[in-house]
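Chemist: Chain residues, written in single-letter form:
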Amino acid sequence: MIRVILPPHLRTLARVDGEVELEVKSPVTQRSVLDAVEANHPMLRGTIRDHVTQLRRPMVRFFACGEDLSHELPDAPLPDAIASGSEPFLIIGAIAGG
Amino acid sequence: MSRVRVLVGTRKGAFILSSDGARKRWKVSGPHFAGWEIYHMKGSPLDPDRIYASQTSSWFGQIIQRSDDGGKTWNPPGTKPEDLMTSEGMPKGESNMFVYDASPETGKPLTTHQWYDGTQHPWEFKRVWHLEPSLSDPDHVYAGVEDAALFESTDGGKSWHELAGLRGSDTGPKWQPGAGGMCLHTILLDPNNPKRISIAISAAGTFRTDDGGKTWKPINRGLWKPINRGLHSEHIPDPTAEVGHCVHRIALHPSRPNTLFMQKHWDVMRSDDAGDSWQEVSGNLPTDFGFPIDVHAHEPETIYVVPIKSDSEHYPLKGRLRVYRSRTGGNEWQALTKGLPQRNCYVNVLRDAMSVDALEPCGVYFGTTGGQVYASADAGDNWKPIVRDLPAVLSVEVQALP
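Heads up: the sequence lines are chains S and E, in that order. Using this note's numbering, read the first sequence as starting at 1 and increasing by one per residue. Using this note's numbering, read the second sequence as starting at 1001 and increasing by one per residue.
Read the hints as simulated data drawn from the structure, not as lab findings. There's no promise every hint is true.
What the hints assert, rightly or not - Derived Cβ-Cβ restraints for the label pairs, each shown as a range:
| no. | chain 1 | residue 1 | chain 2 | residue 2 | range |
| --- | --- | --- | --- | --- | --- |
| 1 | E | Asp1210 | S | Arg11 | 43 to 49 Å |
| 2 | E | Asp1311 | S | Thr12 | 34 to 40 Å |
| 3 | S | Lys25 | E | Asp1210 | 49 to 55 Å |
Where a beta carbon is used, it is the ideal one built from N, C-alpha and C, also for glycine.
From just these sequences and the hints, can you work out the full model?
Modeler: Encoded structure:
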């Protein structure tokens, strides 16, 4: 099971509490994790990645295992600890604005 | 006795204010969508409990929400009640896909407009500024968006498609953003002619279709001063240009849809030929800069504006918040001050933040960037704040209910 932590506003939107757990087929990448998040929660399409370009929205960040992975390629494998579910994949609203 | 519901969109959520027809005691519900910017909410004229909301965020983009019970519960269109019935239930709507149409079939493949440096810049969807429910079908609703375009949904807000002929009109590449972004902020539907829609874009101007949105023409003739009054016309080097006019708001009275009133970046204007030509009616206003303009519900020649000091100083003159009313369709204006702060008031009133109700006498409402919503139950003679400490108010719409 992959564990994903959504930012509070997206938890409200998707009506979930706490972490989201997902089955993700190998290879576990940003794209495969986000595809699974969106498949389970269609409401979140367009809120994390742009509908058309599928690129990360500018003020959304991806953290995992104490690293900022926002600038990694979407098809790069995520750390083993994410793939095994021992660490969560964090989707963060950037610190900016009011 | 009839009731009133005021839909208030703010920088940090939506609030719904309700009262009986006396409009003295108010119940405040909210924040709904706490923490999100609610640019606009508006109810269907056919089914007032059907309300559309534009929920938006710089972080997470655009969401469209819909209520079918007058704002008590909300769902993204496309979610069925059974989707939410179990403990694992979740909304399944995907109501936020606003994708510009650049197909040759529906218009010209227009993908760029003018950027601040004069180069062409790609059209990028940012948010929905204004939702205008149709006059004939509660499932049909228009959306004015930034970067400027007009979208519509015919399935209650679930899916959206662009009326691409507007951007595809010849002037599109010359449009450029104003300070607030290149937004389509006003949509006026003609109650006598379902094929006619007038819209306004900052800072491109006003446009009209007479064929249901297929083709559009700019209707900006006369939006300039024959005599350049000081700095007022400096923002547009060729004042007779077909586009490039910073229209802040237009309004009409349903009984006379050919008469349009406009608050421009500077100047209050009127047109009696559906926008084909415009005349200035600023008259004795102390300043004719401002954002909202609205028309009395029962008197088509009674109009309201909130004069703002200048384009560089977005607050009332001398710290005195005053609504100005003209009972002559412009030119002769009267200051309305009773109940409004007359010292140390430096709030702004944004373009979509004024509305009127259809009760007798007509109620007038406006919200400020300081979080007050002021109401007058006597057409503007006396004012009272309904609430005074909300987040900055972006929009105000009023519904008179049976």
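Chemist: Hint by hint, which ones does the structure fall short of?
Modeler: Checked against the structure, no hint fails, so every one of them is satisfied.
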